[in-house]
Amino acid sequence: MEQFQVRGAAKERARGSRLEAITGVNASGNLEVLVERVLPDRECLVEVATAVTGFREIWEAVIQEFFERSSPGGLRFSINDGGARPDTVTLRLMQSARLMEAE
Amino acid sequence: MTNPAQTQAANLSNQSQLPDADWYEAYARDRVAGLLDPDTFVEFIGPEQRVMSPHLAQFDLTGAFDDGVVVGRGRLDGQKVFIAAQQGWFLGGAFGEVHGAKVLGLLRAARDSAGKDGPRAVLLLLDTGGVRLQEANAGELAISEIIGAILEVRNAGVPVLALVGGRAGAFGGGGIITACCSRIIVSKHARVSVTGPEVIETNKGVEEFDSKDRALVWRVCGARTRYLTGGADRYVKGTIKDFREAAIALIPHAPPFELATLKAEQKRLADRLQQFGDCRDATEIWRKAGLSEPERIADIADDAFLAIARPKGADHDAR
Amino acid sequence: MTLDEVLASLFPSGHAVERGRSGMLHGSGKVDGQGDVTIVGIAGGTPLGVDGAILLADRVLAAVEAGGRAPIVVLVDTASQNMARRDELLGLNEYLAHLAKSLALAAACGHRTASILYGPAAAGAFIAAALSSRSLVALPGAQPSVMDLPSISRVTKLPLEDLKKLAKTTPIFAPGVEPLFAIGAVTEIWAASEPLALRLSALLGKPAADGDARDRIGLERKGRLLAQKIAERVAAEAAANAGK
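As given, the protein sequences belong to chains A, B and C, one line each in that order.
Residue numbers for the first sequence follow this note's numbering, so the first one is 1 and each next one is one higher.
Residue numbers for the second sequence follow this note's numbering, so the first one is 1 and each next one is one higher.
Residue numbers for the third sequence follow this note's numbering, so the first one is 1 and each next one is one higher.
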């Protein structure tokens, strides 16, 4: 099992006032993402727990790209991964950021 | 106290769509949000608390922030209810130490606050393969504690409803818990049973149970059989709204937990053995019960199925 | 211990127990300070199925209907639930639940209930027959389990040797009296050298704790470190929100 963090800088604070949200579920090919508005405005962070080892570089690339695209400033994303593919990871991260910005 | 997680499947982030969503496909929090009156759900120990299982890492497993069960309170048709919803996708919705303790705490709270200001009912959205083997002893004991607590809640005059329609069904101890509830609601996808078909096949051979024969699995363990034999009280079509309407309708008709009820249950269960005890398959039961076209009952659409008059004894209030 | 040895040591002042169908037992026995107690049970390592469960429940309900507060002792030497298509087709979950409910009703009506395990009991049979009384006693020969280690190994994909090693460090999954005692499932362990009749008399004479104390016991014995606290925490949040 691997646990690691990927930090990033965001151009701006994620919109909205929602404090936390959760999407997905830790199941085969899926992942659970808990997102919390707990960081300074220009910081973002993804914590990953995964039983599928050896893909850290891919995780980092996917996550940095997500930071670039979505600029989720102030948000901490915590992931319990069930072996999701990179595009599913991207989808869930974006879904969860959108949920936070929706209200 | 925050109310963090309102919807879990972000593609259903519009809450007003939830009641029409399919129960089977929905995540636990979405079932809760769609079942209860809008914006009334308050979660106890939400996922942001990260109260998780300490027993999974040694099996190289990652966990769930809520250990696979959502508990809290809300309103159903204006009435206060307590609710627990299992996440069937996470480790088969199985009971572990933390998971079980959350449900137990909820039931004890319902018992202790029963009365004028307490919950009108407890809703258990069961979606479970039974005990989580990595925590087998804790899961099994939690199931026994939950059974005891359900009966205490019922004894205090608060109905406990089982709602089953997810991918895991209600197996093992989950099947036993189901039958301890006051009323049981199932949809087409539900299986309610004790030993899983694969385990029967492993132990007794494929002649006894071909676990790959899905139609057989549903004839033996599935919702239609349970409903027609009196093992479930309502059979609903598959949306979250269908479950909601059934729950609202059943709450006022929950049998009390007392000797008269159990004596009636003793009789109906003994009668079932007498009438159908030598049947090998559900179709034999339907034939003996005098239902027309027994071979078609498993396949007809829900509307046609619901039009069937249940055999004598299946419609009862002895649970 | 054989059934005859169990009966002789638990009820030396007298007992009348019949063996019925499906491996079921029923009758009564004399216990010091309690008079006649109702005895029900499963013998011979017989799996617990629909036929046995309905018989046991019938006896328990008869004891409740008879009134009074005579203790009910459940002697358990079973296996798992009966694993058969017929039992599942007929709704085994309802029959096992019915037995659990009957025992719970008896306790609620003032009958002290105790299950005495002297053989195997697994899974659904363990829940319905052994865990559904207010106390569970393990005698020599007791083999409580949820599932055997080889099956757990197969399902969890952890090699059996690793699982056995792990079982030495935690009571949370392995079969046996010790781990199930540690987590609070087994109330008392009685050795063959002890005066079993006296212990039974003391057990039945002591009122059961108000409510289910097994999570508190699991914490005290350090076998389940989280369950009691989490149940308490959920209950506290529910109470804190009560007015809203």
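If you are wondering where the hints come from, they were derived from the structure by calculation, not from laboratory data.
Hints are not guaranteed to be accurate.
Covered, in the sense of this in silico footprint (three residues per stretch, anywhere, with C-beta under 8 angstroms from a C-beta of chain B), are these stretches of chain A [stated by the list, open to error]:
| hint | segment |
| --- | --- |
| 1 | 23-30 |
| 2 | 44-52 |
| 3 | 80-86 |
Every residue, glycine too, gets a C-beta built ideally from N, C-alpha and C.
**OP:** Confirm or reject the coverage of the segment 23-30 of chain A by chain B under the rule of 3 or more residues with a beta carbon closer than 8 angstroms to the chain's beta carbons.
**Re:** Answer holds; 6 residues pass the 8 angstroms Cβ test.
**OP:** Check, residue by residue, whether the segment 44-52 of chain A contains three or more positions whose beta-carbon lies closer than 8 angstroms to a beta-carbon of chain B, and give the verdict.
**Re:** It holds: at least three residues are needed, and the segment 44-52 of chain A offers 3 whose Cβ sits within less than 8 angstroms of chain B.
**OP:** Can you take a look at whether the segment 80-86 of chain A is actually covered by chain B? Rule is 3+ residues, C-beta closer than 8 angstroms.
**Re:** As far as the segment 80-86 of chain A goes, the hint holds, because 3 residues have Cβ atoms under 8 angstroms from chain B.
Violated hints are absent here; each numbered hint is respected by the structure.
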